[in-house]
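Work the whole structure out from these sequences, hints included.
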Amino acid sequence: DGGITQSPKYLFRKEGQNVTLSCEQNLNHDAMYWYRQDPGQGLRLIYYSQIVNDFQKGDIAEGYSVSREKKESFPLTVTSAQKNPTAFYLCASRGQGADTQYFGPGTRLTVL
Amino acid sequence: AQTVTQSQPEMSVQEAETVTLSCTYDTSESDYYLFWYKQPPSRQMILVIRQEAYKQQNATENRFSVNFQKAAKSFSLKISDSQLGDAAMYFCAYRSWGSGYALNFGKGTSLLVTP
Chain R
28 DGGITQSPKY
38 LFRKEGQNVT
48 LSCEQNLNHD
58 AMYWYRQDPG
68 QGLRLIYYSQ
78 IVNDFQKGDI
88 AEGYSVSREK
98 KESFPLTVTS
108 AQKNPTAFYL
118 CASRGQGADT
128 QYFGPGTRLT
138 VL
Chain Z
255 AQTVTQSQPE
265 MSVQEAETVT
275 LSCTYDTSES
285 DYYLFWYKQP
295 PSRQMILVIR
305 QEAYKQQNAT
315 ENRFSVNFQK
325 AAKSFSLKIS
335 DSQLGDAAMY
345 FCAYRSWGSG
355 YALNFGKGTS
365 LLVTP
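As you go down the protein sequences, you meet chains R and Z in turn.
For the first sequence, position 69 matches number 96 in the numbering used here, and the numbering has no gaps at all.
For the second sequence, position 16 matches number 270 in the numbering used here, and the numbering has no gaps at all.
There's no promise every hint is true.
[What the hints assert, rightly or not] With a cut-off of at most 16 Å between alpha-carbon atoms, the simulated EDC-like pairs for lysine to aspartate or glutamate come out as follows:
| id | chain 1 | residue 1 | chain 2 | residue 2 |
| --- | --- | --- | --- | --- |
| 1 | Z | K361 | R | D65 |
| 2 | Z | K361 | Z | E264 |
| 3 | Z | K309 | R | D126 |
| 4 | Z | K309 | Z | D335 |
| 5 | Z | K332 | Z | E269 |
| 6 | R | K97 | R | D57 |
[As the list claims (entries may be wrong)] A partial selection of chain R residues facing chain Z, derived with a Cβ cut-off under 7 Å:
| id | residue |
| --- | --- |
| 7 | G69 |
| 8 | Y75 |
| 9 | D126 |
The set of hints was computed from the structure by calculation and includes no laboratory data.
No residue lacks a Cβ here, since even glycine has one placed at the ideal position from N, Cα and C.
Have a look at this one:
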């Protein structure tokens, strides 16, 4: 099946630890995105990448890092510098020239 | 950045009735895309409908249609013949031609469907 997968579904982190959220797509999409969702809020853009080995900061990039070594993969690392990382994280992708983003199922991160 | 406003935090509709969710946005661009996404309790974001700004005709997808008023910067979603499965959070989103075509989202409207 074609689609976007995110893992794990739930993730728990102790304060001071870095954690990496996985996002993989087999849709042959060029562009990939990471969004953060907090209760009562819409989604906010963390990072995006339009091609391999290139990515750009979004509105709330502080405390996060990404890489794009393969077209299919766009992992997000939540670093200890992120002051309030507990949130729901959504990955999305978009085909070249297409107008619509498609979303993965999300990862719920909780800091203990 | 473009601002998207959904002024109705919660809405309720009876099964088989029609409901309209409101969305306004702020932009200086003349061409852009607008979207409605649905987020059920599973939290999967599902595309409901999209509209390109230069197209005058309002988009329609089965029971879902939009009322796009470009001059007023308004983009409302009408759900006809509401079903229990329509219960979800609905997000309005704006896509410009910059920032890698990333989306700006409103805060969402929670739709409750009653039998």
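Structure-based check of each hint:
no.	hint	verdict
1	Z/K361 with R/D65	10 Å, holds
2	Z/K361 with Z/E264	11 Å, holds
3	Z/K309 with R/D126	14 Å, holds
4	Z/K309 with Z/D335	26 Å, violated
5	Z/K332 with Z/E269	14 Å, holds
6	R/K97 with R/D57	10 Å, holds
7	G69	3 Å, holds
8	Y75	4 Å, holds
9	D126	5 Å, holds
When each numbered hint is compared with the structure, a violation occurs for hint 4 only.
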